[in-house]
Amino acid sequence: EDKVVQSPLSLVVHEGDTVTLNCSYEVTNFRSLLWYKQEKKAPTFLFMLTSSGIEKKSGRLSSILDKKELFSILNITATQTGDSAIYLCAVGFGSGGSNYKLTFGKGTLLTVNP
Amino acid sequence: SAVISQKPSRDICQRGTSLTIQCQVDSQVTMMFWYRQQPGQSLTLIATANQGSEATYESGFVIDKFPISRPNLTFSTLTVSNMSPEDSSIYLCSGMGTYGYTFGSGTRLTVV
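Just so you know, the sequences run in chain order A and B.
Counted the way our numbering counts, the first sequence spans residues 1 to 114.
Counted the way our numbering counts, the second sequence spans residues 1001 to 1112.
Chain B with its partners taken away, still in its complex shape (with noise of 0.2 Å):
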């Protein structure tokens, strides 16, 4: 299966800023996808990442609070921007192949 690095592993970060994330796949992936987990809950889908062009976004996210870049089909970006506390949570990034879904290590973000 691929391996997705993610980066950062975590950040601290102060409110009204904004923080960027990577995800590089070191094999070509047919799909991206950007999911948030809030402390104590599941994995909620954010967008799908679309080469090329702009990202799909799932009810509840907008382009403007998480703008997504993917370049190329094994890179992709989600900025979390103009951040509050609500904004912490665990940010993952998974890729799908032919071999199933595998998931980025995961950004742990704090806001304060």
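Pulled out of the complex, with its shape left as it was, chain A reads as follows (with noise of 0.2 Å):
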């Protein structure tokens, strides 16, 4: 069955600390691994990963893919309490084309205090 694993499921750090969430999977036909912040009801995305060893950044997030580990970091630096939220990690797989489905792990519940 396919799965996709997030760790740790929640946690709490002050504004400035560095933080680093995990994503492991096990898939069939992997395509690529997707990052996105979820604060309400719409996940925003963030980041897409398809090749290993190539760090994605975007100001004080970046991302990066170990495809022979199978699994993904997303680091946050200098945290603020805007970056409070639920991230998640999901999988696109499948065979068929350029067309895929995502499988979506629980999230990381960040929250940064003042």
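Please note: incorrect hints may appear among the correct ones.
Label pairs and their computed distance ranges (CB to CB) [to be verified]:
#, chain 1, residue 1, chain 2, residue 2, range
1, B, Gly1016, A, Glu15, 46 to 54 Å
2, A, Glu55, B, Glu1054, 40 to 48 Å
3, B, Pro1008, A, Asn29, 32 to 40 Å
4, A, Ser7, B, Thr1020, 35 to 43 Å
5, A, Gly53, B, Gln1014, 47 to 55 Å
What the hints contain is simulated information worked out from the structure, not anything from laboratory work.
For glycine and all other residues, C-beta sits at the position ideal for the given N, C-alpha and C.
Starting from two chains that each stand alone, build the complex the way the hints lay out.
Spelled out as structure tokens, the structure:
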């Protein structure tokens, strides 16, 4: 059965701390790994990773994928209270050309205290 | 990336009734999906909305309970039928294009 496991499930830090969120996966016909930030209802896209070892960066956030060890990490440096959210990892899988489905992990609830 | 408008944003419904949720994408997407997120849980895929044909449902979800339409490449609806309190969830549509996956703004459904 395909699965995506995120850790930790929840994390409380102080402003300015650096955090690392983990995502491991086991799927058939891996296509991509995506990170989302969910504050209210709609997940907001952060990164899509398809190649191993290439870091993607956006401001204080960065992410990297290891396709050999089947995991990805999301780093957030100099955290701010506005980073408080659920961070979701999703893995795209399927063999049908350029179209595929996502399966989601349970998410990491990050709380950043002032 | 595409922008997906989803409505209603929230609703409170009586058990036994049905609610139809709409999603409109501002550009063509190759695939559209419908997800459910129950309280405290992650997103679960309900079905893939196929243009002009019946949706493809995931295990545990059936057409009679969650009928889906997708008459063209930019619009889809999900109906939650004969609702019970267990259907109280956030429902999300998603579109996949060359940019990756984008989500609609979500519908928070409460069944009383």
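Hint-by-hint comparison with the structure:
1. Gly1016(B) / Glu15(A): 46 to 54 Å: 48 Å, holds
2. Glu55(A) / Glu1054(B): 40 to 48 Å: Holds: the Cβ-Cβ distance is about 42 Å, inside 40 to 48 Å.
3. Pro1008(B) / Asn29(A): 32 to 40 Å: 36 Å, holds
4. Ser7(A) / Thr1020(B): 35 to 43 Å: 38 Å, holds
5. Gly53(A) / Gln1014(B): 47 to 55 Å: 54 Å, holds
Hint check: no violations occur; every hint is consistent with the structure.
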